[in-house]
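**Q** The lines below spell out each chain.
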Amino acid sequence: MSEHTPLDPQLTLAVRDLSVAYPSQRGLVQAVRHVSFDVRRGESLALIGESGAGKTTLGLSLLRLLPPNAQIGGGQISYQPAPPAECAPVAAINVLQLTPRQLRRFRWQECAMVFQAALNAFNPMLRIADQFADTARAHGYLRGRALALRAAELLRLVRLDPDRAWRAYPHELSGGMRQRALIALSLLLTPQLLILDEPTTALDILTQHTIIEVLKDVGSAFGLAMIVISHDLTLAAELADRVATLYAGMIVESGDTRTVFRRPAHPYTAGLLNAVPTLAAHKQELRSIPGAPPDLIDRPHGCAFHPRCPLASEQCRRVEPPLEAIGDGVQVACWHWRSARAMFVKRET
Amino acid sequence: MTIPLIELEHVRRNFTIQRRQLTAVDDLSLRIQPGEIVCLVGESGCGKTTTGKLIAGLLPPSAGSIRFLGQSISQLRGAAYRRYRLGVQLIHQDPYASLNPAHTIYDTLAAPLRRHRLTKDERATRARVRELLTIVDLTPPDDLLGKYPHQLSGGQRQRVAIARALTVGPSFLIADEAVSMVDVSIRISLLNTLLRLKEQIGLGVLFITHDLALANYFAWAGRIGVMYLGRLVELAPTPLLIAQPQHPYTQALLAALPAVDPDLNRQKAPQLRSADVPSLLRLPGGCSFHPRCPRCQLAQCEMQVPALVAFRDGSAVACHPVQHERRAEENSDVQP
Numbered sequence: 001m002s003e004h005t006p007l008d009p010q011l012t013l014a015v016r017d018l019s020v021a022y023p024s025q026r027g028l029v030q031a032v033r034h035v036s037f038d039v040r041r042g043e044s045l046a047l048i049g050e051s052g053a054g055k056t057t058l059g060l061s062l063l064r065l066l067p068p069n070a071q072i073g074g075g076q077i078s079y080q081p082a083p084p085a086e087c088a089p090v091a092a093i094n095v096l097q098l099t100p101r102q103l104r105r106f107r108w109q110e111c112a113m114v115f116q117a118a119l120n121a122f123n124p125m126l127r128i129a130d131q132f133a134d135t136a137r138a139h140g141y142l143r144g145r146a147l148a149l150r151a152a153e154l155l156r157l158v159r160l161d162p163d164r165a166w167r168a169y170p171h172e173l174s175g176g177m178r179q180r181a182l183i184a185l186s187l188l189l190t191p192q193l194l195i196l197d198e199p200t201t202a203l204d205i206l207t208q209h210t211i212i213e214v215l216k217d218v219g220s221a222f223g224l225a226m227i228v229i230s231h232d233l234t235l236a237a238e239l240a241d242r243v244a245t246l247y248a249g250m251i252v253e254s255g256d257t258r259t260v261f262r263r264p265a266h267p268y269t270a271g272l273l274n275a276v277p278t279l280a281a282h283k284q285e286l287r288s289i290p291g292a293p294p295d296l297i298d299r300p301h302g303c304a305f306h307p308r309c310p311l312a313s314e315q316c317r318r319v320e321p322p323l324e325a326i327g328d329g330v331q332v333a334c335w336h337w338r339s340a341r342a343m344f345v346k347r348e349t
Numbered sequence: 350m351t352i353p354l355i356e357l358e359h360v361r362r363n364f365t366i367q368r369r370q371l372t373a374v375d376d377l378s379l380r381i382q383p384g385e386i387v388c389l390v391g392e393s394g395c396g397k398t399t400t401g402k403l404i405a406g407l408l409p410p411s412a413g414s415i416r417f418l419g420q421s422i423s424q425l426r427g428a429a430y431r432r433y434r435l436g437v438q439l440i441h442q443d444p445y446a447s448l449n450p451a452h453t454i455y456d457t458l459a460a461p462l463r464r465h466r467l468t469k470d471e472r473a474t475r476a477r478v479r480e481l482l483t484i485v486d487l488t489p490p491d492d493l494l495g496k497y498p499h500q501l502s503g504g505q506r507q508r509v510a511i512a513r514a515l516t517v518g519p520s521f522l523i524a525d526e527a528v529s530m531v532d533v534s535i536r537i538s539l540l541n542t543l544l545r546l547k548e549q550i551g552l553g554v555l556f557i558t559h560d561l562a563l564a565n566y567f568a569w570a571g572r573i574g575v576m577y578l579g580r581l582v583e584l585a586p587t588p589l590l591i592a593q594p595q596h597p598y599t600q601a602l603l604a605a606l607p608a609v610d611p612d613l614n615r616q617k618a619p620q621l622r623s624a625d626v627p628s629l630l631r632l633p634g635g636c637s638f639h640p641r642c643p644r645c646q647l648a649q650c651e652m653q654v655p656a657l658v659a660f661r662d663g664s665a666v667a668c669h670p671v672q673h674e675r676r677a678e679e680n681s682d683v684q685p
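Residue numbers (my numbering), protein chains in the order written: chain G, 1 to 349; chain A, 350 to 685.
Hints are computed from structural coordinates only; laboratory data are not their basis. Check each hint, because a few of them may be wrong.
Unchecked claim - A partial selection of chain G residues facing chain A, derived with a Cβ cut-off under 7 Å:
no., residue
1, 206
2, 237
3, 241
Beta carbons: idealized from backbone N, C-alpha and C, even for Gly.
For reference, chain G alone in the conformation it holds in the complex (with noise of 0.2 Å):
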């Protein structure tokens, strides 16, 4: 049972109620709760929050990546491929329930990922041309002159010299280089979605720069779907269509970038963007969040901010406050949203 009922032919990715945790010795890591989130046609989501908040967690269980220990709770992900040129809706995949043959299928050919270090994803005894021919060779893709030929296409498309990057080891590219190259890679199969772990973290300004236009460029391109997961909310923001916040393995808000970032509704969301250093910044009053991200082993009872949180109330320490629509396309999950958005507009004026 890998194929079910098509989704809405607007979108590409459901995830449903997902939940993944790591055992240990004190008990379980909870690193993703209950998280419900789309990714639409063409569209860019930024998954933001800090180090361990389940970001990766979340982006690895999507392509069924995640370590052998992880146990997947419950749940559902649904994948829409593309429709053909006529239009017949095509039925959708179940990506928890993909047996082996067809989830090396899905990967790369479906959706693709970048992860977070490109300098280990690619092998450092193999030339870029050769890491382009093994995955081409093993989904029986292109090959030779053909297959250079496609993927100079795709180099000049990432705004690398194909003559220089074709021939070059890994080690012989920058950071940015080979990180351009490892995008161009993941191009290779034409999937429809790309996800990418933090994909400008230690690099520089200017580099990151030209990250963010060729992923633009990309996206356009072939009307791409990328999930974006990232700590960096200024790459969010240049990249992303909508964002969604996550806090202790849940997502705390979502909605079109623009909305989230002006006006945030959940304190976090909120803090984070006050503890961002820009270059009006000495101006405002900017401000770190109290305390350290919650232990996901023994999770604060009520809503996981609330010991961080400056609106905490009696009914935050009892009830965990469900993820609720609030307008505008934004979803909330916080019992002082109204407040909580009150208060960041005053501080802008």
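Go by the hints and put chain A onto chain G.
**A** Below, chain A alone, put in the same frame as chain G:
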């Protein structure tokens, strides 16, 4: 004129990599006064960390001299050398690697106090350790004394690293990317702690970062130096550098800086002729920025390395076209 706390004069540092010479820092001159904040900003490989290590005495310079309170550090011996080594302390980037995992926080902080006989007995040591933890906002201190680094969060560890640097009563701190491994939500409070220490103790700080926005926040009352491929290309008081960047490289860095406001980002774009930084092993001749520079027109740019020239408003720039313009401006200022 007061004696600078730290003075670098035409400092160069070479490394040999696979029998090839590489110059990580070249012709760097910089004076830091007591209690001053200076930020070094630049991309990876620009020599900012090497500069920090040179000042801390962890690497000897290949050429040029580094002075601490007027005395060349390579000639310091005995008590004077000790005063320098205690006076200049380094905070490392990675608080997960810089603390010994087998030592409790108390041991970590007590060791330098004992080694340098800064406290007279164990009771005084304990009191001093408590005081240090309070200074870096780790309160109540008694909760932390018996803990090991793995029991602390990244932010707490970095605070312990700061406290350890303060044990020996330094007058100058070098913070090398000291907050880049710490979560966004707590970076600002860490920076505020450092700023408060600067006020309270009169510490001079060299803050090394790749993030101009962070430098802008931290060094608002100080200066920012921008490095490119081993050279200081611009040095100016922070408000001036941010409002009126002179060097085309600084301008590009500022333009590439993303904002959290989605609308602001779409308005700007750095204009560079090439996205990729040349290798330090194959540096371009003349100004090393010229192959990427949108303003490079003069033959001079390809032939001659521009020196860092200071102007009247307190800024200093190493760029031929900018220097020509500014000289013309300053001369025309004088005439009327």
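**Q** Compare the structure with the hints numbered earlier in the document and write down the numbers of the violated ones, lowest to highest.
**A** 3
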